[in-house]
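Following the hints, complete the assembly by docking chain B onto the known chain A.
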Amino acid sequence: MLLGVPEKELYEHVAHYIEIRFSEGIRPRHGPLFRRVEITALKGDMGSGKWTRPDLCMLSLWRYKYGTHLNLDVYGFEVKKSGKIGVDAVHETLAHTRLVNYAYLTVPCASDDEDWLPPVLESCNLHGVGLITFLDVRNVNSFRIITSAKRFDPSPNALDNFIKTRFSDPVRSELLKCIRTPSLFDL
Amino acid sequence: MKILAISNLKGGVGKSTSTMFLSEHIALYLDKRILVLDLDPQANCSAMFLSTKGLTHAHETSSTLLHFFIGLGNSNVRLSSYIRSSASDVVDLKKLRGVARVDLVPSDIGLYFVEHELTKAILNQGRDPDEFLAACLKRQLEAIGASYDLAILDCAPGFSPLTRAALRIADFVVSPTIADEVSVRSLKEFTKRGMGGICPAIQNGRHYVIVPIFSSNWQTKRMLEYIKGEYKFVEPRIGYSVDIIRAAERIRVDSERSLREKYNGSVKDIRRLAERLSEYIF
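Quick note, the sequences are listed as chains A and B, same order.
When we follow numbering that gives the first Met the number 0, the leftmost residue of the first sequence carries the number 0, and every step to the right adds one.
When we follow numbering that gives the first Met the number 0, the leftmost residue of the second sequence carries the number 0, and every step to the right adds one.
No wet-lab data here; the hints were simulated from the structure.
Predicted model, so just to flag it, every value in this text is computed and none were measured.
Accuracy of the hints is not assured; some may be wrong.
[Stated by the list, open to error] For each label pair, taking beta carbons as the anchor points, the in silico distance ranges come out as:
#1 126(B) / 163(A): 33 to 41 Å
#2 260(B) / 185(A): 20 to 28 Å
#3 178(A) / 11(B): 36 to 44 Å
#4 65(A) / 271(B): 39 to 47 Å
#5 76(B) / 176(A): 12 to 20 Å
#6 203(B) / 157(A): 57 to 65 Å
#7 119(B) / 41(A): 33 to 41 Å
#8 154(A) / 281(B): 52 to 60 Å
#9 119(B) / 181(A): 32 to 40 Å
#10 63(A) / 227(B): 47 to 55 Å
#11 98(B) / 72(A): 22 to 30 Å
#12 271(B) / 163(A): 52 to 60 Å
#13 24(A) / 203(B): 25 to 33 Å
[Said to hold, decoys possible] Far from chain A by the CB rule (all over 10 Å, computed), these chain B residues:
#14 1
#15 10
#16 41
#17 71
#18 126
#19 129
#20 134
#21 135
#22 157
#23 223
#24 247
We put the beta carbon where it would ideally sit given N, CA and C, even for glycine.
This is chain A alone, in the form it adopts within the complex:
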């Protein structure tokens, strides 16, 4: 589980999980998906308040088979290492829903008997925060989605500003290119 590893060192591994497995689960079964993951723990100013920096974020652009338009979703992930997991972490993740559509708390978990798990899970379900656990952060197959996040709708301005300040120029350019070429998502 990489005990004693600084939280920052977990980000790269969690990014692998989001890119390889998590995004697979959220995409529609048919058709292509555009997705980009960035480590955003140190991006954006703190002026918008406390707990406004998800550790990782994912942009996903997709469409329904019979949908008329593209859908853009922003996911935020708060990563905690062992020993720092409690209801506070859920509240911190919940704060991200001002800025992202789906917020997930991602934590190490050696077994289902961990003392902290029931209250954290209850709090996640109460607030619509998703909970992901992992046994070995280096192995994307050891991650489990314990509960899925509920969808939130941040204000369009907040979402735009979030994308502008948290995602890099190349990612934003690629996103705009895809938005302007919806035929890319045709089957």
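Showing chain B alone in chain A's frame:
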């Protein structure tokens, strides 16, 4: 994670087709997690997995190996950003409760130019391009190594910079060949060059030969006997059939079929080949 390079000097001997069917059969019958890296700019293997439309989408959304190499200057670039999860259209793989899966990093025709430009740039810095590219690939594969059992690198014909890098880091090399004079001559040359220091796996005897497209006549039978005598030939040879041609064609981005539908009469032979090859790899 073990690394298997599928490589030969000659084109058209079934490298991409072998990559596709071996990855799907090893995943399904041996319950393995496979990552396919299409290092061939012709992107045949990527088109087989994703369909031509899917490949176009990957190109347009900057989600191919080409874009990974373009982004190499950026220290945050991750190979995992370019992985297409569950790329195979074999529905049996998706129904399984086990770990079996085939993920893909697709290629792009532009890779041909980028790998040569990259080589020039590395040379200008006074560094060895083979060493640099091999180290880069190895580092990226190691970062996700715990998540896969086997990485299959589908190499371009010849010794392109990326093929040389793949041969450097491969634990095993499989050379598909056709049982004819020209193909066997190129196999000889490939093995000779590989023994000459390009590929430690070949030097250490971890080089296997398969015949994925076999049409039976007295000439090919004679060549097959020659291959069996000279190389570590892995049985069985796969008979040429329209099934394989159909298997290599994904009609739509979202089309699915069972392994039996996909490979039809060739399933048994390919399964035996995959299992025998796996005995050497795992």
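Cross-check of the supplied hints:
Judged by the Cβ atoms, the range 33 to 41 Å given for residue 126(B) and residue 163(A) holds: they are separated by roughly 37 Å. The hinted window of 20 to 28 Å between residue 260(B) and residue 185(A) holds, with their beta carbons roughly 25 Å apart. A beta carbon spacing of about 40 Å between residue 178(A) and residue 11(B) agrees with the range 36 to 44 Å that was offered as a hint. Checked against the hint of 39 to 47 Å, the C-beta distance between residue 65(A) and residue 271(B) comes to roughly 43 Å, which is consistent with it.
Checking the proposed 12 to 20 Å range against residue 76(B) and residue 176(A) shows it holds: the Cβ atoms sit about 19 Å from each other. Checked against the hint of 57 to 65 Å, the pair residue 203(B) and residue 157(A) passes, with Cβ atoms roughly 58 Å apart. The hinted window of 33 to 41 Å between residue 119(B) and residue 41(A) holds, with their beta carbons roughly 35 Å apart. Checked against the given bound of 52 to 60 Å, the beta carbons of residue 154(A) and residue 281(B), roughly 53 Å apart, stay inside it.
About 38 Å separates the C-beta atoms of residue 119(B) and residue 181(A), a value consistent with the hinted range of 32 to 40 Å. At about 54 Å, the beta-carbon gap between residue 63(A) and residue 227(B) stays in the expected band of 47 to 55 Å. For the hinted restraint 22 to 30 Å between residue 98(B) and residue 72(A), the CB-CB distance of approximately 28 Å keeps it satisfied. Checked against the given bound of 52 to 60 Å, the beta carbons of residue 271(B) and residue 163(A), roughly 56 Å apart, stay inside it.
Checked against the hint of 25 to 33 Å, the C-beta distance between residue 24(A) and residue 203(B) comes to roughly 40 Å, which is inconsistent with it. Interface exclusion of residue 1(B) from chain A stands, the closest Cβ pair being 16 Å apart, more than 10 Å. The Cβ of residue 10(B) lies farther than 10 Å from every Cβ of chain A, with a closest approach of about 29 Å, so its non-interface assignment holds. Residue-level check passed: residue 41(B) sits 21 Å from the nearest beta carbon of chain A, beyond 10 Å.
Interface exclusion of residue 71(B) from chain A stands, the closest Cβ pair being 13 Å apart, more than 10 Å. Consistency note on residue 126(B): stated as away from chain A, and its beta-carbon is indeed over 10 Å from all of that chain's, at 25 Å minimum. Against the 10 Å criterion, residue 129(B) stays outside the reach of chain A, whose nearest CB is about 26 Å from its own CB. At roughly 18 Å from the closest C-beta of chain A, the C-beta of residue 134(B) stays outside 10 Å, upholding its exclusion from the interface.
No beta-carbon of chain A is positioned within 10 Å of the beta-carbon of residue 135(B); the least distance is around 16 Å. Look at residue 157(B): its CB is around 31 Å from the nearest CB on chain A, clear of 10 Å, so calling it non-interface holds up. The Cβ of residue 223(B) sits about 40 Å from the closest Cβ of chain A, beyond the 10 Å cut-off, so the non-interface label holds. Listed as outside the interface, residue 247(B) is consistent with that label: its C-beta sits roughly 21 Å from the nearest C-beta of chain A, beyond the 10 Å cut-off.
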